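Visitor: Given the sequences, and given the hints that come with them, work out the whole structure.
Protein chains in written order, with numbering that gives the first Met the number 0: chain H, 0 to 325; chain G, 0 to 328.
To be clear, the hints were calculated from the coordinates, so they are not data collected in a lab. Heads up, some of the hints might be wrong.
FRET-style restraints, in silico, Cβ to Cβ [to be verified]:
(1) Ile39(H) <-> Thr322(G): 32 to 40 Å
(2) Ala21(G) <-> Pro107(H): 16 to 24 Å
(3) Ile39(H) <-> Gln2(G): 43 to 51 Å
Dumping the calculated DMTMM-like pairs for lysine to aspartate or glutamate here, alpha-carbon to alpha-carbon at most 25 Å [as the list claims (entries may be wrong)]:
(4) Lys316(H) <-> Glu272(G)
(5) Lys280(G) <-> Asp293(H)
(6) Lys316(H) <-> Glu244(G)
(7) Lys9(H) <-> Asp293(H)
(8) Lys253(G) <-> Glu279(G)
(9) Lys166(H) <-> Glu272(G)
From a predicted model like this one, the values you see are computed outputs, not experimental measurements. Using N, Cα and C, we set each Cβ at its ideal position, and we do this for glycine too.
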Amino acid sequence: MTDTTIDRDKLRDIYTRTMRVARADEKFRSLLMTGKLAVIYYTVRGQELVSAAAMAALEPSDYLVTTYRGQHDQIAKGVPLNPLFAEIAGKVGGTCRGKGGSMHITHPETGVMVTTGVVGSGLPIANGLALASQNRGDGKVTMVCFGDGATNIGAFHEAMNMAQLWKLPVIFLCQNNRYGEHTAFADHTKVDSIVTRAKAYGMAGVHVDGNDAIAMYNTTKAAVDRARAGEGPTLIEAMCYRMMGHFFGSDFSYMPKEHLAEMAAEDPLPRLRQLMLDHQFTEAELDAIVADLDAQMDAAAEFAANSPLPGPEEIRKDVFEEEIAA
Amino acid sequence: MTQITMTQAINRAIDEAMAEDAGVILLGEDVAAKQGGGVFKISSGLTEKYGENRIRATPISEQAIVGACVGAALAGFRPIAEIMLMNFVTVAMDQIVNHAAKLRFMSGGQTNVPLVIRTTTGVGVGFGGQHSDMLEAWFAHVAGLKIVTPSNAADAQGLMRAAIACNDPVIFIENILCYGLKSDDPGPGHVVPLGKAAVAREGSDCTIVTYGRTVLDALEIAGKLADEGISVEVIDLRTIAPYDEATVTASVEKTGRAIVLHEAVKQYGTGAEIASRLNEKLFGKLKAPVTRIGGAFSAVPMANALEQAWIPNKDAIADAVRTAVNWKG
Ligand SMILES: Cc1ncc(C[n+]2csc(CCOP(=O)(O)OP(=O)(O)O)c2C)c(N)n1
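Guide: Here's what the structure looks like:
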């Protein structure tokens with residue numbers, strides 16, 4: 000049984016991280032709907048809490064590897080909003096000078112080392128970051144986030160085996176949002192739970208309700224402690240739900256309406272708010288946090304809008320260490 | 000003067016780099032002492048010196064090997080991945096072309112991948128279709144990868160040192176048939192810079208641009224043709240991508256004729272790129288068309304008779320030079 004108690008400051012921290020993710024997502028959707036932004040956007044609606052609680056259990060210096068649908072992970076890990084917004088808008092003030100975009104965010108200062116658009120390919124790379132920490136003895140833990148669909152790719156299996164073989168300080172966080180693009184979990188995977196796959200590699204595996212802030216935090220914290228103590232990797236299967244289509248604006252008629260309604264009842268945002276109230280946080284206190292965040296979102300959107308577009312000379316830079324000829 | 004084999008040379012380069020920098024690690028199948036120090040013995044003796052944390056024998060998991068090296072490189076290490084045979088890079092293509100090659104660019108220069116992927120191949124040992132391919136053109140087509148191949152032991156040592164020191168990913172191709180080649184010992188600390196070709200033999204009538212094992216063929220042919228009064232210049236590229244265009248162009252400008260020779264299949268190969276660039280640079284100055292010689296357009300056959308027919312034939316190379324020299328237009 001995971002611990003069901005939590006420190007009040009940690010709870011406030013999780014709430015703030017969750018709402019930062021949620022308000023940023025809301026802001027992006029509104030920018031897209033009003034035509035102020037025209038980019039492909041993988042909304043994280045429904046998965047905000049999973050990463051907020053997970054990242055709250057990491058140190059800022061720990062490494063993170065994530066995927067195209069990783070904005071919640073990046074924001075929760077601490078990537079500053081101004082360059083993040085600018086990167087998604089393809090501006091030179093972005094984290095990657097507009098050369099990465101939402102699917103390829105990198106921000107080493109906050110530990111975000113790779114965001115990949117190739118399903119499942121982050122896991123082997125996370126092993127390498129963890130291997131470096133193991134050899135150096137720097138005490139860092141690497142977390143890699145991916146979806147349920149990613150667990151059917153060969154890289155997942157190779158990486159799980161290698162991580163357990165070498166007892167790497169890595170945490171595999173599967174955010175099981177029940178869909179891989181248009182394919183429902185039961186239509187792409189024959190086992191009931193991804194945790195079964197951890198067992199197949201002799202690895203610790205935990206199944207957790209990703210919309211339960213306390214369970215999600217404590218589960219992650221236990222995995223982090225294990226990894227730091229040299230006890231090896233953990234696979235966490237965090238159950239959540241992708242409340243919209245694969246990318247924002249895409250058709251999601253393949254998601255049964257009854258199931259959507261059922262899942263709406265588990266929406267992590269009202270549930271977290273209730274938990275906060277149960278822990279004697281006041282409505283006013285919670286609203287103030289959100290109001291402050293909304294001001295930050297407006298500022299970030301403005302920063303992105305005002306940031307210049309990258310010039311064509313950027314194409315010759317960063318191909319190699321030395322600039323290539325025109 | 001003492002001599003050194005290519006196997007010893009590569010081993011020494013890795014050994015020197017590991018002694019200098021704790022961030023140099025080697026990952027691959029069978030590479031540690033327990034497994035005998037690698038199928039071609041390149042890592043022989045290294046586990047005893049540097050331990051199993053730095054010489055890591057891996058499961059048969061090419062994606063995980065290259066991926067782990069990419070991750071370690073991002074964390075500031077200088078990993079070396081051994082992919083036992085070049086055909087098996089197919090298994091790790093995603094990590095190589097989508098990640099190793101592109102992370103510097105996609106991150107806007109915030110991260111980089113100082114990784115060496117060592118691999119081995121070669122036609123002429125009877126390994127057949129899935130263990131003999133020369134796939135350098137695949138990688139040369141991807142922005143962000145450097146591709147290196149030595150033709151002699153001394154260069155192998157120096158190029159390996161440079162590859163490990165390079166801050167970009169390098170594919171280092173070792174030809175199985177060259178492992179036993181001996182050079183005069185260049186001594187410790189020998190470095191051959193990446194991107195610099197060598198004029199392996201000077202000549203004035205025709206240039207053969209080549210790399211890897213076929214440099215030996217080109218030198219042998221140049222010796223024979225000298226007896227016929229034809230003077231052949233041989234350029235050993237050493238770095239296939241990005242290649243030393245200045246040295247190649249200067250040589251062909253001097254001789255007016257060029258043949259690009261490689262063991263990889265001719266179609267869509269690196270020879271096409273070099274021939275085309277020579278045309279762009281030297282159109283009007285060439286005394287004969289630039290031609291290419293490469294492997295046949297089939298899988299590499301197993302039977303020795305067929306394998307020898309597949310590989311660029313020395314008589315055909317000599318004939319190509321004669322044709323170029325006698326070209327009447
Ligand atoms: C190797 C690979 N195959 C296919 C795709 C196309 N694709 C993009 S997202 C996706 C679904 C992935 O589902 P999951 O891993 O569950 O992640 P989620 O989008 O649910 O977060 C697919 C098939 C891809 N990007 N990479």
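Visitor: Decide if the proposed pair is consistent with the structure: Lys253(G) and Glu279(G), CA atoms, cutoff 25 Å inclusive.
Guide: holds (16 Å)
Visitor: If you draw a straight line from the CA of Lys9(H) to the CA of Asp293(H), is it 25 Å or shorter?
Guide: holds (21 Å)
Visitor: Is the gap between the beta carbons of Ile39(H) and Thr322(G) within 32 to 40 Å?
Guide: violated (54 Å)
Visitor: Taken at face value, is the distance from the CA of Asp293(H) to the CA of Lys280(G) at most 25 Å?
Guide: Given pair Lys280(G), Asp293(H) is violated - Cα atoms ~58 Å apart, limit 25 Å.
Visitor: How does the Cβ-Cβ distance of Ala21(G) and Pro107(H) compare with 16 to 24 Å: does it lie in that range?
Guide: For Ala21(G) and Pro107(H) the Cβ distance comes to about 21 Å; the hint holds.
Visitor: Below or equal to 25 Å on CA atoms is what counts here, so check Lys166(H) against Glu272(G).
Guide: With a Cα-Cα distance of about 46 Å, the restraint between Lys166(H) and Glu272(G) is violated, given a limit of 25 Å.
Visitor: Is 43 to 51 Å a correct range for the gap between the Cβ atoms of Ile39(H) and Gln2(G)?
Guide: Taking Cβ atoms as reference, Ile39(H) and Gln2(G) lie about 59 Å apart, which means the hint is violated.
Visitor: For a C-alpha distance cap of 25 Å, please report whether Lys316(H) and Glu272(G) respect it.
Guide: holds (22 Å)
Visitor: Would the pair Lys316(H) and Glu244(G) pass a check requiring their Cα atoms to be no farther apart than 25 Å?
Guide: holds (20 Å)
Hints 1, 3, 5, 9, counting from the list given before, are not met by this structure.
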